[in-house]
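Residue numbers for the first sequence follow my numbering, so the first one is 3 and each next one is one higher.
These are computed hints drawn from the structure, not numbers from a lab. These figures come from a predicted structure and were not determined experimentally. We treat Cβ as the ideally placed atom computed from N, Cα and C, and that holds for glycine. Each hint should be verified, as a subset may be incorrect.
Derived Cβ-Cβ restraints for the label pairs, each shown as a range [unchecked claim]:
hint, residue 1, residue 2, range
1, Glu65, Arg41, 18 to 28 Å
2, Asp112, Gly21, 39 to 49 Å
3, Cys43, Ser9, 17 to 27 Å
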Amino acid sequence: MISRGHSSINQLGGIFANGKPLPFHIRLRILELALFGYRPCDISRQLLVSHGCVSKILARFTETGSILPGAIGGSKPRVSTPLVINKIRQYKEQNSSLFAWEIRERLLYDGICARDCLPSVSSINRILRRTLGRSKPRNHFRHTLKPAACEPDARTRSDQEPSQTSPVWSTSDPHQGTRKAAFSIRDILNLKEENNEIK
DNA sequence: TACGTGACGGTTGAT
DNA sequence: TAATCAACCGTCACG
3 MISRGHSSIN QLGGIFANGK PLPFHIRLRI LELALFGYRP CDISRQLLVS
53 HGCVSKILAR FTETGSILPG AIGGSKPRVS TPLVINKIRQ YKEQNSSLFA
103 WEIRERLLYD GICARDCLPS VSSINRILRR TLGRSKPRNH FRHTLKPAAC
153 EPDARTRSDQ EPSQTSPVWS TSDPHQGTRK AAFSIRDILN LKEENNEIK
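With the hints as extra help, turn the sequences into a complete structure.
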């Protein structure tokens, strides 16, 4: 494998960025060609993408209905959801002499958190510092973007991966640039009818 | 030859 | 602010 700066060249001569998802238009092309009936090996050769990658993308598509890459990065889902934070604050307001470990046990006892989702003592202390240390809690916008570990659909990335019935990709895709329209399999199949020539 | 899969080295973002 | 961790990525090699 040849490396040129941040991008490398694979065995087929294609350029790729190690660790980063393939550009959206390449992913789309893979799907298009597959829908046209091209074999993965043909797609691989034509687009200069490794057959393993083609295989993965198509397998993912059949599984999830999406050709979008998954969400890269991030750590384990948060346990300190707004609900948990409010409860902790509530406990502390009711009884200011409560220890963090006691709050922890109450969260478990009251069924707010499962045992494996309980925030650590240090987390509870941090939450108390943040929420009781100032009159207004910090902006929890980010917390509400993704479901937390103990909530349903945790880390399903439903905000990023459309379902089978919804558009195949969203406009939030970084590779799309200013693309406005959302597409669906039907769109692609229509495209197939209109555009018979494949390069 | 075609394909699925696991190992690997890399990137990313939350904690 | 930097380090750590755990998710994901695409390539490669093997069967």
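Against the structure, the hints:
1. Glu65 <-> Arg41: 18 to 28 Å: The hint (18 to 28 Å, Cβ to Cβ) holds, given that Glu65 and Arg41 are roughly 19 Å apart.
2. Asp112 <-> Gly21: 39 to 49 Å: holds, 43 Å
3. Cys43 <-> Ser9: 17 to 27 Å: With Cβ atoms ~24 Å apart, the hint holds.
Taken one by one, the earlier hints all hold for this structure without exception.
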